[in-house]
Amino acid sequence: MKGDDIMKFHQLEKKYNLYGWMFVLPAVMVVFILFIYPVSVSILYSFTNKSILKKDFDFVGIKNYIFIFQSKEYWTTFLRSISWTFLSIIGQLTIGFIAALGLNKIVKSKGLYRTLLIIPWAFPSITIAFSWKWILNGVYGVVNNTLQSMGLINEPIGFLSDPRYVIWTLLFIYTWFGSPLFMVNILAALQTIPKDQYEAAKIDGASAWQSFRNITIRYIRNIIGLLVVLKTVWIFNNFDFIYLLTGGGPASKSTMLPIFIYDMAWNTKKVGVASASALTLLVFLMILVSLYFKLLDRWEGTDDR
Amino acid sequence: MKKINKLPVSSLLCYGYLAILVCIAAFPLFWIFISSIKQPGEIISSISFIPQNPGLHYYIKIFTEMNFQQNLMNSLVTAVGTTAIALLVASHASYGIVRYFNNGRKGRVMTRMLITTYMFPSILLAIPYSVLIGKIGLQNSRLGLILTYLSFSIPFAVWMLIGFFRTVPMEIEESAMVDGASPLKTFYLIALPIVAPGVAATGIYTFINAWNEVLFALILTNSTSKMTAPVYMSSLIGAEILDWGVMMASSMVFVLPSLFFFMLIQKKIAGGLTQGAIK
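Chains as they are written, first to last, in this note's numbering: chain A, 1 to 305; chain B, 1001 to 1279.
Okay, chain B solo, but in the shape it has when bound:
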């Protein structure tokens, strides 16, 4: 009798505090959305959770008057370009480390190097990058941004992919090698397809990180039409009169891709972040 009563009480307690946490976790998203569809007068006069006369006027404003789609496009191209190059380089490198240098001294040096690049403050890199990118004339360009974004996305992708490649059993590849497949062929046709879900998750995470990046984009772009979306949005804070409706609508548009992809890979991320380091 006692046992039957005891279990629900402690679970109930869990449900209770988890519910409180969920409210806090989800409130900003809810509030951005509610605020973005309120009327201009209402947004600054009422904190009601239900808009009196909901409408899409702020969304129309950012896409017609403000040309926000141009900045979104800059963000998209930069993030996709970064992801493609990072995946190409990192999938080869992580496979090489796992298969060819796993137990040796060279492998240790490489993993150490990886961890070291991980510690690099982006503000330290920002200074020489701004000079170098200026020198080769790539300020205000997507290519310049992609180049600098590789500095954080490649080490990160290698880190995550190492964890995924470790799960591939060596025997399958060995039998292919015995059958005369070259190392590259073995990689493309056998190892890579096995970890494809991991590669996809890594790619999405890389995309999100590039999509969200602020510092490099801030120092490497200064013309409004070349700015990525977050840098353009941050310039709105400097305005004399803040248009909160516009800020909320652009926030909503900008958070959605990130949110969508995150939910897609949430199960994969948990392992990927930590497996790369477990020997």
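With the rest of the complex left out, here is chain A:
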């Protein structure tokens, strides 16, 4: 009798699993066709002298990898990508956080403020590029003309064309675009904090800073952590934002890894080298993200206790 029940249970479980696969299978197939196959092709290319123009190619061993690891341009670009991602996240998180705290505090016309502050997030990258190129234009731009008519500057500033300013201008525009995502998510997290926590802390004699650190930060740090992980990957991989605004220039001062790889494949026509560079980018991100997730897991562990 008991044995029969166990048999029946196993059969049910098998059937149960089968239904699960039925739901998941199409997605698994898509992942296989759109990821595993192309990446295998990329790995293959990275060991060849493949060019976009030619059909035939020869194997060259690890020559492409040696080439990029010895290339000063590659390392400069890599380091620039890292600091660009880091600074972008700092900027977006700070402004998004400040905006969320403000929105959480005000009562009147909160919805209106929120809606208006979200606008940049809805901007397609081509519209970001066109609007800011136009606003910051050296001859007709509203910023340069205003500054000049106020007598603050004599010569127009090349916000996007001067190698000294280009990164800072891009950083400003990217903060403008990326802060709303942080703001909206942090605001949603702030609203889940029970109000009585703050009251209890007040009765215990906690200062405003103490309750901010021990209650506010504690409640929202998981959300912030996750957003930072997502954003790190997005910013590191992002191609079109900088490509459309500066194309990586002037003098390669704003060339990040994706643009470097794009130029390598479509301008220099060295697909092998481009594939090798792109694979190093993926490996780097995978290591980075697994470290991040270890940290997040530790945070979650301390919350349970």
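No lab work stands behind these hints: they were computed from the structure. Honestly, I wouldn't trust all of these hints.
Stated by the list, open to error - No farther apart than 20 Å at their CA atoms in a straight line, the calculated lysine to any residue pairs in the SDA-like style are these:
no.: 1; chain 1: A; residue 1: Lys231; chain 2: B; residue 2: Tyr1118
no.: 2; chain 1: A; residue 1: Lys54; chain 2: A; residue 2: Ser71
no.: 3; chain 1: A; residue 1: Lys294; chain 2: B; residue 2: Arg1108
no.: 4; chain 1: A; residue 1: Lys14; chain 2: B; residue 2: Met1177
Given the coordinates of chain A, work out where chain B should sit on it, guided by the hints.
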């Protein structure tokens, strides 16, 4: 007395800096619009916030001389096609993961795989895609674009939908199953209608992402009439003399759908982005 005074001051401060942020956030949209309705001479000679003689000539130009509607149509068909396929595949997959593999090892493997596909640099995929799409003869076609767009839209949609399906209480489905409903029937008739608002939000977000995409469209199309709107617009930067009025009018037309849909789902997005990852 003190308490009554203290509250408004700090709120006032919030209103103050929020107002500054709103001005910066909204200015580009305002400026695109103002510039797009100025006269050709005025747009490059005056930075006045009020156009002297506003008109729609730049809009007329992009839709008559430049055939911009063709590129918009390419964008629309591609984005709608991508959204439809992505929703179909992703809603099944996310439901399957949540209901059938939630606690097991297989579920963990699948979520890990999802996160991994998330990290894939689109520039890494762009290289083999350009070769493969060329091989099967789908360059300059909407279908080719849709196929490649699935690579970012399906993982993203699964991610968001997992968060929404987690909110469906299991008991409702169990009682339907006990009544003899098949798993598929339970999914279509019970679980899916409950998360319909979430599916709609995910669909709209997928649409916006496909609508805005640049890289794949850039490498897979080269004939003007087959380009999506952003790729066509980006080709305007290469012109010898930039027509800023045309660039502003096309920007305005292109940003509006994105803006409209974004405002529609702004409340849903906040949860959707992060819930998928919370165990």
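request  = Compare the structure with the hints numbered earlier in the document and write down the numbers of the violated ones, lowest to highest.
outcome  = Number 2 only.
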